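*Asks:* Here are the chains, one letter per residue:
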Amino acid sequence: MKFLINPSKFNEVADYVFLPVLISSIILFSIGLIFAFYLSPDDYQQGSTVRIMYVHVPSAWLALLTYAIMTLYSIAGLAFRIPFGFIINTAVAPIGAIFTLICIVSGSLWGKPMWGTWWVWDARLTSVAILFIIYLIIIFMNLSFENRILREKVVAIFILVGSANLPIVKFSVDWWNTLHQPATISKLSKPSIDPSMMTPLIIMTFAFIMIGIAIAILRIKTEIISRKSYLS
Amino acid sequence: MLILNKIISFYYREYKLNLSGFQDILTNIIFFFTSIFIFIFSIGPDKETISNIGIGIIWTLLLLSSTLSLRKFYQDDFESGNLLIMHLNGFSFGFIAILKTFSHFFFIQVPFLLSIPVACILLNITNDELIYLFSSFVIGSFILSCLGSISSSMNLMNQRNFLLGSVIVMIFSVPIIIFSVGIINHEESFNSLISILFGILLIVFAINPWASGLCIKLSLENN
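Top line first, the protein sequences correspond to chains A and B. Just so we're aligned, residue 1 is where the first sequence starts under my numbering, counting upward by one. Just so we're aligned, residue 1001 is where the second sequence starts under my numbering, counting upward by one.
In short, the hints are calculated from the structure, not lab data. None of the values given here were measured: they were computed from a predicted structure. Glycine is no exception: its CB is placed at the ideal position from the N, C-alpha and C atoms. Hints are supplied without guarantee of correctness; some may be wrong.
[Said to hold, decoys possible] Among the chain B residues that face chain A by a calculated CB cut under 10 Å, a handful are: (1) T1049; (2) I1050; (3) S1051; (4) N1052; (5) I1053; (6) S1151; (7) N1155; (8) V1167; (9) P1175; (10) L1201; (11) L1202; (12) I1203; (13) L1218; (14) N1223.
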């Protein structure tokens, strides 16, 4: 597992892993989209618009997961002085921002036919919008400092402070009465979703994870190379 | 006793600095009142509407005008080298952050407390609501001071993008705005909402010395 904290080990592993991950993401995407469009049934209330779920839910999960990964690597970078954590922070932040943007846009496209409005000031929606702005602030902070050593540490501190938003996003549907529905799939109890809809959701989630890993590998490798040229 | 003497001389210095720059604080307050005028001109002078949304207007403008003074939080002391001298005198960076936060609260936020009743007259807010507004503002403004300390210490070495500090304060002040405006609109649940606000204050006050102390240390190291 050393490739998770060591840049040169990461480069070796990434060279092996990149092509399989990319191909599997393409295959999973095509299978998942076929499932989502043709093989899964319409919802009895929502009709065909329920298919937006197969994009909306995985991107929301991955937006949270990306921030959680950044939080862990910030702790690793600040507390255990592992510089690879800062590389991950810089590389992964735009990916998380794009996932959050996909989640917000698909959610409002789903909200218009179902709730009758593009946007409500609901606890879940607001906290996800704040998550998006936090991602944007992280990207802008990465761009606006000139001193690299200072910049990566300050960004890591900001990520740690901003991680207070993560549990609010996750539990907002349980703590407040929101228009957004509470979580249907949780680890502790049996999911209340039908298996015919569960299958494409799981496939699409893995497809999103694979495409996220593929882009992350590209960006992390670029970041490592740019730091090498910075040092020499 | 030595540390107490140092603290007293620190606050005496802050007092003299703020007294010589008193027109800055007055300009903040004038900004606050001018924006109230602009708000009223833009939504029309209807008495019902104004008293409905008055509390929200006051809180928004207090937040905006307290972010205006953030540039002066650490920047002057940082550029003149006084932060380093304080540290050499035996204050840890986290302790400097705590002292500075209290000083910002006393010299920048407390003048706003005195200007709130006048704003309430302008916006048709009753005396009962004024008491709730006061109690929420005393807690909320201290949270704003702590957040301002965090964001301005993060942006000490940021030479390009000054507005980022204000955005950081605003994004973290969302829960404060929600709960403090909620106090006035739901007076029956005053106790629970003020407890939540106080809880947020304790969390932020615990994070503040750690985060801003580390940021000041990093900025001084890499200057």
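*Asks:* Indicate, hint by hint, whether the structure satisfies it.
*Replies:* Hint check:
{"no.": "1", "hint": "T1049", "verdict": "violated (19 Å)"}
{"no.": "2", "hint": "I1050", "verdict": "violated (22 Å)"}
{"no.": "3", "hint": "S1051", "verdict": "violated (22 Å)"}
{"no.": "4", "hint": "N1052", "verdict": "violated (17 Å)"}
{"no.": "5", "hint": "I1053", "verdict": "violated (15 Å)"}
{"no.": "6", "hint": "S1151", "verdict": "holds (9 Å)"}
{"no.": "7", "hint": "N1155", "verdict": "holds (8 Å)"}
{"no.": "8", "hint": "V1167", "verdict": "holds (6 Å)"}
{"no.": "9", "hint": "P1175", "verdict": "holds (8 Å)"}
{"no.": "10", "hint": "L1201", "verdict": "violated (14 Å)"}
{"no.": "11", "hint": "L1202", "verdict": "violated (13 Å)"}
{"no.": "12", "hint": "I1203", "verdict": "holds (8 Å)"}
{"no.": "13", "hint": "L1218", "verdict": "holds (5 Å)"}
{"no.": "14", "hint": "N1223", "verdict": "holds (9 Å)"}
In summary, the structure is inconsistent with hints 1, 2, 3, 4, 5, 10, 11 from the numbered list given earlier, while agreeing with the others.
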